[in-house]
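Kindly produce the complete structure, drawing on both the sequences and the hints.
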Amino acid sequence: MELVCPAGNLQSLKAAVDAGANSVYIGFRDETNARHFAGLNFNDRQIAQGIEYAHARGVRVFIAINTYPQPGNLAKWQHAVDTAANTGADALILADIGVMDYATEFWPDLNLHLSVQGSATSQDAIAFYAQQFGIKRAVLPRVLSVRQVAAIAKKSPVPIETFGFGSLCVMVEGRCYLSSYVTGQGPNMYGACSPAKFVKWSETDVGTETRLNGVLIDRIADDENAGYPTICKGRYCVNDDVGYAIEEPTSLNTLPILSDLVKIGVAAIKIEGRQRSPAYVHRVTSVFREAIDSCLADPAAYRPDEKWLATLAALSEGAQTTLGAYNRSWQ
Amino acid sequence: MSNAATTRLALGPLQFHWPKAQMQSLYRKIADSPVDIVYLGETVCSKRREFRHKDWIETAELLSEAGKSVVLSTFALVEAQSELGYIRRLCENGEIWVEANDMSAVQMLAGKIPFVGGPTLNVVNQRTLQKLVDLGLQRWVVPVELSRAMLVEIRREMAEPIEYELLAWGRLSLAYSARCYTARAHRISKDDCANCCIDYPDGLLLQTREDEDFLVINGIQTMSARTSCVLAELENSPGIVDILRISPQAGDMDSIIHQIDALRHGETTADAVARDLAVHAPGGLCDGYWHGEAGMMNVRQS
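Those protein sequence lines, which keep their order, are chains X and F. First residue of the first sequence? That's 521 in my numbering, and the numbers climb one at a time after it. First residue of the second sequence? That's 761 in my numbering, and the numbers climb one at a time after it.
Take these hints with a grain of salt, some might be off.
According to the in silico footprint, chain F covers these stretches of chain X (three or more CB under 8 Å from chain F) [what the hints assert, rightly or not]: (1) 524 to 537; (2) 613 to 624; (3) 693 to 699; (4) 726 to 738; (5) 772 to 782; (6) 807 to 821.
Label-pair distances were calculated between CB atoms; the ranges are [as the list claims (entries may be wrong)]: (7) F:P874 to X:D602: 31 to 37 Å; (8) X:L829 to F:K814: 22 to 28 Å; (9) X:G838 to F:E852: 45 to 51 Å; (10) X:E768 to F:E810: 29 to 35 Å; (11) X:P677 to F:A954: 34 to 40 Å; (12) X:D550 to F:K807: 39 to 45 Å.
Bear in mind the hints are in silico, worked out from the structure with no lab data behind them. Just so you know, even glycine gets a beta-carbon here, dropped at the ideal spot from N, CA and C.
See the structure below:
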């Protein structure tokens, strides 16, 4: 079970490597990746330094180029592929068929992984990318139960990577337009969900209001925690009932089912959070390193340690965690 | 208007869960309507079985006999192995065209038979489209996020002629999830849903806490509360779109179809149609994506 950890800058990359990641994934400073946030990500020099640091310690580096180029700007994504290929990265994480087609034509020896943004939720969908572009791994969207993941892992032509911890997209990745519907910018084409420039917080008589491009996402009382206003974590009125109609502010945590994921043949587990701090990356990576080692040493006896769970809960949205779609009753 | 008159009208797949009799009534009416192309099949949730496979095939025959071109649509989000099995059955039907709405279906069709690329495939540039055309895609239903400017550029760069279809009237499909939000609103899980979405023939309205109509919940699918209306396309941009898609809704489909049909024959204007059809768009109209803006904006009518 490979542990794949996020890094939004060089310090986070070093934190992940030092805390026991097997691989670290990073992105360029532009809309070619799905964490296109101000001040985040790597320039060419930092990528070279990061790869040198990781490789010296036996850790692999993946570069995510996992958004969708539009007419007129494909060259930017192609340039990103060229740059990534020249850095000596161990794999590129791609989503767009056109970008994969380019990578396969010009860099036939590159290791390609299918990004979660590619929305492949079956062995047939994965087989498409394997046959057409020779992908070596597929990252599954967070919409499948453990049983469904098991069936896919068994029949997939390439190894499977699943999400283990972090912010939870409840919609199938790569096909959620909620952010672009409200702001004009979303994960697929712009590389960010609910971009900060559209977010407005205001104090009112009825509490703190959070708005996204003018749309009221939530109204928060003084004694409540205010989460970042992504549309799927807001409170709305449905059938005269106000509440979290889509999902509460919460984070995914798979520690309770880690031995199941190992047993069904999941090859790699991914930690979400390139936008998080080096300290966050270090803590989560450390917990998962310890958990995976414990699980692999004796899968039958594996139990998540209370200390690990407490550490992760403290780092989670709304201080609560969920198994998400892995657990059918969540669905 | 000569170009517009050759624009064909399509009825998209029914997004909502309706009782069998209501579905039969819709398609009987469509058989006598000016619609040229009809997409059949359940695309949202495999638990909706008012129409069994046999019913879809019988409806396909009814519509074919009425001179309609019929296409079978596949699920947008595939999760269970049983769903894959059903998609395979559709893809291997040997007779009727299939609209592939995820890459599982594309894989089953690619290199074997011509197919329609549905709006939920991630196709937003020429290189991706060309690759799918090489594998048999002959008609492309444009994803909701695509703007007119993007479509014009993609179309210009494409070497081979294919058909371009655009959602001209209907609520936008914005997201799919493992979770059923209709069941969640009823405080039950998806496995115990009892098909409660059948009580919401146009979906379940989700409002902000200041009573703004925002989204519509439709089982595992989330839609816009506003109705996308890009009918001005017919007047101003001949040759960009070959097929205009109308999405079925519980209201008066006859009048929606006849207004849009009149528009393509130059008997009325897009603004007049949008005005007349506003009554069928209770959450208001939007066309932002088409104009390169936030999808919820209403550029043309504002």
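Each hint, compared with the structure:
no.	hint	verdict
1	524 to 537	violated (count 0)
2	613 to 624	holds (count 7)
3	693 to 699	holds (count 5)
4	726 to 738	holds (count 5)
5	772 to 782	violated (count 0)
6	807 to 821	violated (count 0)
7	F:P874 to X:D602: 31 to 37 Å	34 Å, holds
8	X:L829 to F:K814: 22 to 28 Å	51 Å, violated
9	X:G838 to F:E852: 45 to 51 Å	46 Å, holds
10	X:E768 to F:E810: 29 to 35 Å	33 Å, holds
11	X:P677 to F:A954: 34 to 40 Å	38 Å, holds
12	X:D550 to F:K807: 39 to 45 Å	42 Å, holds
The structure shown violates the earlier hints numbered 1, 5, 6 and 8.
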